[in-house]
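*Asks:* In the order they appear, the protein sequences are chains H and L.
Under numbering that gives the first Met the number 0, the residues of the first sequence are numbered 0 to 340, in order.
Under numbering that gives the first Met the number 0, the residues of the second sequence are numbered 0 to 300, in order.
No lab work stands behind these hints, which were simulated from the structure alone.
Just so you know, even glycine gets a beta-carbon here, dropped at the ideal spot from N, CA and C.
Treat the hints with care, since some could be wrong.
Said to hold, decoys possible - Straight-line Cα separation of at most 20 angstroms, EDC-like style, residue types lysine to aspartate or glutamate; simulated pairs: (1) H:K213 to H:E199; (2) H:K116 to L:E284; (3) L:K162 to L:E174; (4) H:K324 to H:D187; (5) H:K287 to L:D113; (6) L:K120 to L:E187.
Unchecked claim - Stretch-level coverage of chain H by chain L, calculated; a stretch enters the list once three of its residues show a Cβ under 8 angstroms from a Cβ in chain L: (7) 245 to 252; (8) 309 to 317.
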Amino acid sequence: MIDLIIDIIAFFCIYAIITLSLNFQQGYTGIFNLGLYFPIIVGAIITAYLPGRLAMIIYGIDSKLDFSANNAVVVSILRSKLSSDPIMSIMLLVLTMAIVALTCYVLGFLSAYPALKLPADYLALFMLCASESLRVIGMQTDWLAGGVMGITIVNPFWWLGGFSYYGMPVFTILATLFIILLYQRMCDSPLGRLLKSIRENELTAESVGKDVNKIKRTTLAFSFTMLGLAGVLHAFMMGAVVVGGYTRVDFSFWPWLMMIIGGTGNNIGVFLGTFGLVLMRRIMIVGKHYFWFLPFNVVWFEPILLAIMLMVTLIFRPEGILPEKSPRIKDYMRKVLKLES
Amino acid sequence: MIPLPILLTALVYSFILSLLAMGFTLQYITLSVPNLAYATIAFASTYLTLTFSLMGLTPYVTMPFAFILGGAISFMLYKFVSFLRDRGTSIVGLMMATIVFDLIIYAGMNIYADYLATVFKIYAGSFSLSEFDFKIFSFPAVLFVSGITSISLVVFFTLMLVKTKFGVAMRAVMENYNLASVHGINTERILSTAWFFVGGLAGLSGSLYPIWFAMDPWVGARMFISIFAACVVGGLRSIYGSLLGGFIIAFSEVVVTYLFSIYFPWVWAYRSVTSMVIAAIALVEMPSGIAGLIQKFRGGR
Numbered sequence: 000m001i002d003l004i005i006d007i008i009a010f011f012c013i014y015a016i017i018t019l020s021l022n023f024q025q026g027y028t029g030i031f032n033l034g035l036y037f038p039i040i041v042g043a044i045i046t047a048y049l050p051g052r053l054a055m056i057i058y059g060i061d062s063k064l065d066f067s068a069n070n071a072v073v074v075s076i077l078r079s080k081l082s083s084d085p086i087m088s089i090m091l092l093v094l095t096m097a098i099v100a101l102t103c104y105v106l107g108f109l110s111a112y113p114a115l116k117l118p119a120d121y122l123a124l125f126m127l128c129a130s131e132s133l134r135v136i137g138m139q140t141d142w143l144a145g146g147v148m149g150i151t152i153v154n155p156f157w158w159l160g161g162f163s164y165y166g167m168p169v170f171t172i173l174a175t176l177f178i179i180l181l182y183q184r185m186c187d188s189p190l191g192r193l194l195k196s197i198r199e200n201e202l203t204a205e206s207v208g209k210d211v212n213k214i215k216r217t218t219l220a221f222s223f224t225m226l227g228l229a230g231v232l233h234a235f236m237m238g239a240v241v242v243g244g245y246t247r248v249d250f251s252f253w254p255w256l257m258m259i260i261g262g263t264g265n266n267i268g269v270f271l272g273t274f275g276l277v278l279m280r281r282i283m284i285v286g287k288h289y290f291w292f293l294p295f296n297v298v299w300f301e302p303i304l305l306a307i308m309l310m311v312t313l314i315f316r317p318e319g320i321l322p323e324k325s326p327r328i329k330d331y332m333r334k335v336l337k338l339e340s
Numbered sequence: 000m001i002p003l004p005i006l007l008t009a010l011v012y013s014f015i016l017s018l019l020a021m022g023f024t025l026q027y028i029t030l031s032v033p034n035l036a037y038a039t040i041a042f043a044s045t046y047l048t049l050t051f052s053l054m055g056l057t058p059y060v061t062m063p064f065a066f067i068l069g070g071a072i073s074f075m076l077y078k079f080v081s082f083l084r085d086r087g088t089s090i091v092g093l094m095m096a097t098i099v100f101d102l103i104i105y106a107g108m109n110i111y112a113d114y115l116a117t118v119f120k121i122y123a124g125s126f127s128l129s130e131f132d133f134k135i136f137s138f139p140a141v142l143f144v145s146g147i148t149s150i151s152l153v154v155f156f157t158l159m160l161v162k163t164k165f166g167v168a169m170r171a172v173m174e175n176y177n178l179a180s181v182h183g184i185n186t187e188r189i190l191s192t193a194w195f196f197v198g199g200l201a202g203l204s205g206s207l208y209p210i211w212f213a214m215d216p217w218v219g220a221r222m223f224i225s226i227f228a229a230c231v232v233g234g235l236r237s238i239y240g241s242l243l244g245g246f247i248i249a250f251s252e253v254v255v256t257y258l259f260s261i262y263f264p265w266v267w268a269y270r271s272v273t274s275m276v277i278a279a280i281a282l283v284e285m286p287s288g289i290a291g292l293i294q295k296f297r298g299g300r
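Given only the sequences and the hints, what does the whole structure look like? Please build it.
*Replies:* Right under this line is the structure:
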C-alpha cells in the first residue's frame, strides 16, 4: 500500500511539472503546443546515455564493455561501485539535470524560430510531428537509449541500501515543490501579467513596446527546460528508459486533459486536475489484473476514458473545474498601484 | 540505379500519401481546424481489410466498405466539431475534439487486434497483407489499383469542384463561410457532405496500405508526420499543392533515403524522419510551399 501511495505521489509530481509547463505555455502565453513530449524524450535520452557512460569512465570500467550493448553487466558493476559512493551518485544526478536543462533550453529556443512563424494550429502540428520524429529516432538508435528494447540506467540512490527504492521518489517530490514554487512566483509576478497580455492581444502588447516573439521564445525555452527535467526525473524513477514508451497519448494528450479539466490559466485548477487524473490512471493500471476475463488488454480503456472525459469537459465545462479568475480592478489598484479605492 | 521494388514502393506510397494529404488539406480549409484524427481514421479501415482477407476474400473487396467507414467516422467528427464551434469553442478546443476521436479509434484498433489475437490466435498487432495480393503483368495489383484509384479520384474531385453546383457551393463555403451562408447556400449540408467524402477517401487509401506495407496501430501516428510534411511542402492551404507535396515527400522518404543508404546504410531506419526534416526546411525557406512558388512565378510573368 505504501509503495502504491509513493508511486501515485511521484507520478503526480512528474505530471504536475508537465501540466504546469503546459499551463505556462498555453494558459498564460497562448502558445499552442501539442509536442510536449519532445523535451521529455530529450531528457530521458540524455539520462539513458550520459550518467552510465560517465560513471564507466570515472571508475575506469573495461573499455571493451559498452553501456548499451552490455547493459546488464555494466549496470551491475556500476551498482556495486555507486552503492558505496554517495557523492559521485548525487554528482551524476545533478550533472545530468544540468546538461538536460541546458540542452532543452537551447532546443526550445531553436525550435521557436520555425515554430513561431506558423499560425497557432500549425505550430501545434509542427511540434507534435517533431516529437514523434524524435521518438522514432530514439527507437531506431540502439547506442543512444537501447532502441526498441530500451536500456536500464543507474540509480543515484543505490547508496541508501534497503531504502534506495524511495530515494528517487523523495527527490522527485522535493524537485517538484521547487519547480511549482518557481512557476507560481513567475505567474504571480509582473511577468505573468505580461504573458497574459500577449495571450489576450499580441498586437496591443507589441504596441506598448514588448518584443512578443522574444518573450514567446523565452517562454518556450523555459518550459522546454522544465519538461526536460521532468523527463530526467521520470527516467531515473523508472530505472530504465524505453523511448517508444514516451507516446503522444501519455505525455501530451493526458497533460492537456489534466489542464483542461482543472482550468486553463489557473495553476491551482491544473494542479487539481493533474492529481485527480493521475490517481485515476494509477488505480486503473494497478487494478487491470481484475479484468483478466476480457479478451483484450484492459489498458485500452484508458484512452477511451480519456476521450470521454475530454468530450464531457468540452461540452459541459469548457473552462474547467476552477476557471481562471479575472483580476478585479479593486485588487489590482490595491496590490499593484498601492492605492486604496 | 534504383531497384524496381524501391521504385514500386515509392509509387504506391506516393499514391496513398497524396490522397491523404489532399484530404487533410481539404478538411483544414473547410473548418480551419486541423483534424488530428485524420490519419487514425484512415488506418482504422486497415483492420477491415485484414478481416476480409482472413475470411478468404481479396483485400480489394474492402474498398467500398472502407470508404463508408471512413466517411461515417469523419461525418460524426464533423457534427461534433461543428456543434462545439456553434457554442463558441476556441480553435484549441476544436482540435482537442478531434483528439477525442483519435483516441477512441486508436483504442478500438488495439482492442480489435487483441481480440483477434486472443480468440482467433492471429497476431494482428503488426501485419502485412501482401501475400493476399495478385499480379497483373507480373506487377503487384496494388500498384495499379492505388494508381487508378488515386488518379481517378483526383480527376473526379476536380470535375466536381469546377463543373457541379455542389462543387461551386463548396468552393464558396471554403472561401467565405459567412458570405456563402448569406447567399442561401446550405453550408451545414455542404460541409458535412465534404467531410464524409474526404473521410471516405482517407478510409479508401488506408484500406490499400497493408496490401503493400506493414501495418500496426501506431502507423497513423507515424504517417501523420508524412501527411503534415506533404501539406507544408505543398502549401498549407492548397489542395493541389498538397497532392504534389505527397509525391515529393513519398519519393524523398523512399527513393532519396535509399540512395543515401547505399553509402550510409543506417539512414534507411530513419526514413520517416526525412519528411519532418524536409517540412522544417520548407517552413523556413518557403513557408507558402510549392503552391506559393507557383503563384509567385505566375505573378512574375
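*Asks:* Against this structure, judge whether each hint is valid.
*Replies:* A quick look at each hint next to the structure:
no.: 1; hint: H:K213 to H:E199; result: 17 angstroms, holds
no.: 2; hint: H:K116 to L:E284; result: 11 angstroms, holds
no.: 3; hint: L:K162 to L:E174; result: 17 angstroms, holds
no.: 4; hint: H:K324 to H:D187; result: 12 angstroms, holds
no.: 5; hint: H:K287 to L:D113; result: 15 angstroms, holds
no.: 6; hint: L:K120 to L:E187; result: 45 angstroms, violated
no.: 7; hint: 245 to 252; result: holds (count 4)
no.: 8; hint: 309 to 317; result: holds (count 5)
In summary, the structure is inconsistent with hint 6 from the numbered list given earlier, while agreeing with all the others.
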